[in-house]
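Visitor: Now for the letters of each chain:
There are 2 protein chains.
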Amino acid sequence: MSNSSNSNKKVKALRCRECNAEYEPMLKYICDECLGPLDVEYNLDSIKVSRNTFAYRAKNYWRYIELLPIEDARNIVSLDAGFTPLHRADNLADALGLKHLYIKNDSMNPTFSFKDRPAGVAVSKAKELRLNAVGCASTGNLASATAAHASKAKMPCYIFAPYNIEHAKIAQALSYGAEFIAVDGTYDDANRLAMQVAEHMNIGIVNVNLRPYYVEGSKTLAYEVLEQLSWNMPDHLIIPVASGAMLNAICKGLEEMRMLGLINNDDIDVRITAAQGKGCAPIVDAFKNNRDEIIPVENPSTIAKSLAIGDPGDGIYALRRLRQFNGYAEDPDDDEIVDAILMLARHEGIFTEPAGGVVIAALKRLVEQGKIDKDEHVVCYITGNGLKAIDAIDDRVKISRIVKPMVEEVLSIIPQQQPHI
Amino acid sequence: MSNSSNSNKKVKALRCRECNAEYEPMLKYICDECLGPLDVEYNLDSIKVSRNTFAYRAKNYWRYIELLPIEDARNIVSLDAGFTPLHRADNLADALGLKHLYIKNDSMNPTFSFKDRPAGVAVSKAKELRLNAVGCASTGNLASATAAHASKAKMPCYIFAPYNIEHAKIAQALSYGAEFIAVDGTYDDANRLAMQVAEHMNIGIVNVNLRPYYVEGSKTLAYEVLEQLSWNMPDHLIIPVASGAMLNAICKGLEEMRMLGLINNDDIDVRITAAQGKGCAPIVDAFKNNRDEIIPVENPSTIAKSLAIGDPGDGIYALRRLRQFNGYAEDPDDDEIVDAILMLARHEGIFTEPAGGVVIAALKRLVEQGKIDKDEHVVCYITGNGLKAIDAIDDRVKISRIVKPMVEEVLSIIPQQQPHI
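If you're matching them up, the sequences are chains Z and U in order. Under numbering that gives the first Met the number 0, the residues of the first sequence are numbered 0 to 420, in order. Under numbering that gives the first Met the number 0, the residues of the second sequence are numbered 0 to 420, in order.
Derived by calculation from the structure, the hints in this document are not laboratory data. In this text, all values refer to a predicted model and were calculated from it rather than measured experimentally. A couple of the hints might just be wrong.
As the list makes no split between identical chains, a pair holds if one copy fits it or if it spans any two.
Once the Cα atoms are required to be at most 20 Å apart in a straight line, the calculated SDA-like pairs of lysine to any residue come out as [said to hold, decoys possible]:
1. Lys403 to Thr185
2. Lys373 to Pro233
3. Lys168 to Asp393
4. Lys370 to Gly96
5. Lys403 to Tyr162
6. Lys27 to Val406
7. Lys98 to His376
8. Lys98 to Arg73
9. Lys58 to Ser229
10. Lys153 to Leu97
11. Lys403 to Pro161
Can you build the whole structure from these sequences, using the hints too?
Guide: Structure below.
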């Protein structure tokens with residue numbers, strides 16, 4: 000990897016998003032000049048793809064290997080994540096008065112969230128960079144996705160979290176054999192420690208020193224929606240936002256597919272809306288108040304815990320994307336979120352975590368405000384499953400009545416129907 | 000549906016598995032003559048399929064519509080279940096001394112278990128039969144799968160269960176809008192009540208009066224493995240067993256594909272092994288003791304609760320299949336099951352419920368007993384995810400040490416590595 004010329008490689012360089020400085024594609028994530036974040040830049044001329052390139056490949060996100068930052072396909076660590084269903088949500092559309100509503104159901108992934116995309120790319124790159132271990136600071140979706148891919152890669156994995164978290168929260172991640180670095184401190188301390196480890200040790204912390212590669216995984220959420228819509232651009236995407244990285248990556252994915260000429264429409268005429276939970280909505284707040292900077296939220300308070308990043312690392316970039324793509328931003332409260340979880344489940348049979356409720360609640364708000372036309376093609380990103388957050392809905396699904404085990408009792412409850420056969 | 004001739008339909012009849020009596024394909028499941036179970040019989044001559052029929056279709060189990068008992072495709076109720084990954088488990092294979100081990104990872108379904116297959120077919124048939132409601136007696140995977148598909152079908156759904164079960168167990172199913180028929184009695188009472196309702200009311204209880212159609216969904220687990228192995232027959236399938244219906248359906252699926260001439264091998268030369276948890280293993284017990292009848296287990300006691308059916312409805316047929324397919328039967332205990340859950344997670348990044356642990360533990364036993372040759376192609380069916388049964392592994396993933404939030408502390412834990420870049 001010390002070859003100074005990358006002209007025959009897919010990844011040309013890491014480039015600073017702020018000052019444009021260029022670096023060798025290695026284990027690096029911050030610009031030496033300006034401390035800006037680094038992005039993967041490809042040798043676009045060398046990328047030869049058409050729609051047919053992808054069409055007959057295995058249905059996972061590695062079908063877009065030409066546009067992912069792994070040079071040698073033997074380094075791919077795959078659990079068959081991605082190419083999740085784009086679910087046509089006609090029942091929910093009817094309920095909201097829309098005609099073309101789609102759910103990108105990314106709960107159907109190997110560890111049951113979209114994090115299998117960025118974590119899988121990061122672990123693959125760790126293998127390509129011949130790192131001997133990976134890790135992250137998380138107790139949730141990211142921890143499980145990183146640990147699962149590390150186990151498939153036969154790499155040690157270290158999960159940084161406060162020592163006193165609930166066992167059940169981290170049990171999935173640890174089941175994959177990851178080691179729990181139990182930090183005597185807060186969640187912020189655990190985060191800081193993981194960042195220091197990324198600085199001082201030769202370990203790939205997936206969302207820190209592997210971050211330029213990591214975020215590339217999330218852009219496949221754009222590629223797939225385009226391919227699943229037969230390369231037609233939808234009118235409106237509604238995206239849950241935590242750090243802002245996923246929203247930014249989805250926008251990058253749309254732009255790349257346009258540059259490669261794969262989209263039917265000439266322009267990217269799509270609206271991008273951000274959804275955060277009230278109580279931790281720094282990006283929505285900046286957008287609504289027309290500010291250019293993000294004011295961190297000191298004490299996040301929302302049931303959408305997987306989105307509750309008070310000081311979002313890519314917040315400023317997500318904010319710029321909302322303006323670039325003529326979008327909106329909404330921050331539904333806990334009651335709206337729970338209502339929306341149940342609304343999605345009851346109309347479409349899709350059971351999501353609170354982050355998904357945030358998206359559907361934001362959709363509902365936009366419809367009520369007249370900001371979505373009924374003829375628009377709208378895509379909602381549902382990025383995680385509801386099983387890990389049962390308590391969010393638990394007291395909304397109470398028993399109403401108890402019956403004796405006799406069929407006569409049931410006859411009085413269930414409306415009698417004449418046979419139709 | 001009152002047409003007396005079904006010659007131009009896909010489903011020719013319902014036929015008694017015991018006495019061969021033939022019935023109109025309607026809402027019926029027990030033979031009037033001998034009380035035997037009814038199976039769907041197709042007009043095989045009218046089924047024109049080749050490998051190419053399926054190859055380019057959407058990746059869900061409805062790609063096999065020609066072989067599923069829905070006459071009119073407009074009645075399909077789909078959540079995009081099925082065509083889950085056939086995961087090449089090379090790490091686990093290495094650990095066990097095997098060469099060709101595959102995991103059929105059916106945890107990656109919309110409600111996160113294989114039950115989306117039979118429940119989806121049953122709800123679709125309920126729609127085709129113009130029933131006005133569906134239901135089942137279950138608190139687990141079946142309840143969720145039935146409720147989710149009912150919500151997509153806009154049909155009322157009734158879940159029968161004891162009133163005093165834990166809320167969290169049934170919350171997912173109820174989130175989809177199903178109504179909880181809370182029975183003042185035991186689980187057996189709830190089950191009996193659901194069967195009585197199926198007898199007396201015009202409601203489709205998916206695994207009772209819709210059972211002939213319901214079980215057809217599970218045979219797609221055979222079709223998919225064959226297609227994913229390029230239509231080569233594997234040497235050995237290891238299948239978790241509860242009622243025995245799924246094992247029987249998988250065998251039926253293999254036979255149908257052979258009859259249709261789609262399998263490369265002329266004969267079905269495959270071994271079928273059944274796996275149940277010790278403490279509720281009536282089928283394994285009958286097989287190992289060379290008995291022809293199943294002795295019910297009065298008080299099931301195993302952590303593999305989704306398999307814990309003491310008096311399995313299709314037990315006798317599963318037993319016959321094991322003999323027909325020259326198989327084995329194993330009943331690992333709780334410790335072996337937990338070990339196996341962790342073994343699968345740590346080697347392959349797949350987190351399963353205890354039923355999946357039963358399968359991997361059975362595999363391990365067979366390897367240790369020299370009953371599987373290292374060159375065999377072995378497929379293990381993993382039919383549900385681990386998130387709902389975190390408590391099964393919770394005390395096996397304890398914290399080992401606590402560190403202060405300083406990088407020096409971590410340096411003492413994580414082996415130092417030289418940069419390889």
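Visitor: A separate judgement is required for each hint: does it hold in the structure or not?
Guide: Comparing the hints with the structure gives:
no., hint, in the structure
1, Lys403 to Thr185, "between (50 Å within a copy, 11 Å between copies)"
2, Lys373 to Pro233, "within (13 Å within a copy, 50 Å between copies)"
3, Lys168 to Asp393, "both (17 Å within a copy, 10 Å between copies)"
4, Lys370 to Gly96, "within (13 Å within a copy, 60 Å between copies)"
5, Lys403 to Tyr162, "between (47 Å within a copy, 10 Å between copies)"
6, Lys27 to Val406, "between (68 Å within a copy, 19 Å between copies)"
7, Lys98 to His376, "within (8 Å within a copy, 48 Å between copies)"
8, Lys98 to Arg73, "between (44 Å within a copy, 19 Å between copies)"
9, Lys58 to Ser229, "both (15 Å within a copy, 16 Å between copies)"
10, Lys153 to Leu97, "between (47 Å within a copy, 17 Å between copies)"
11, Lys403 to Pro161, "between (48 Å within a copy, 10 Å between copies)"
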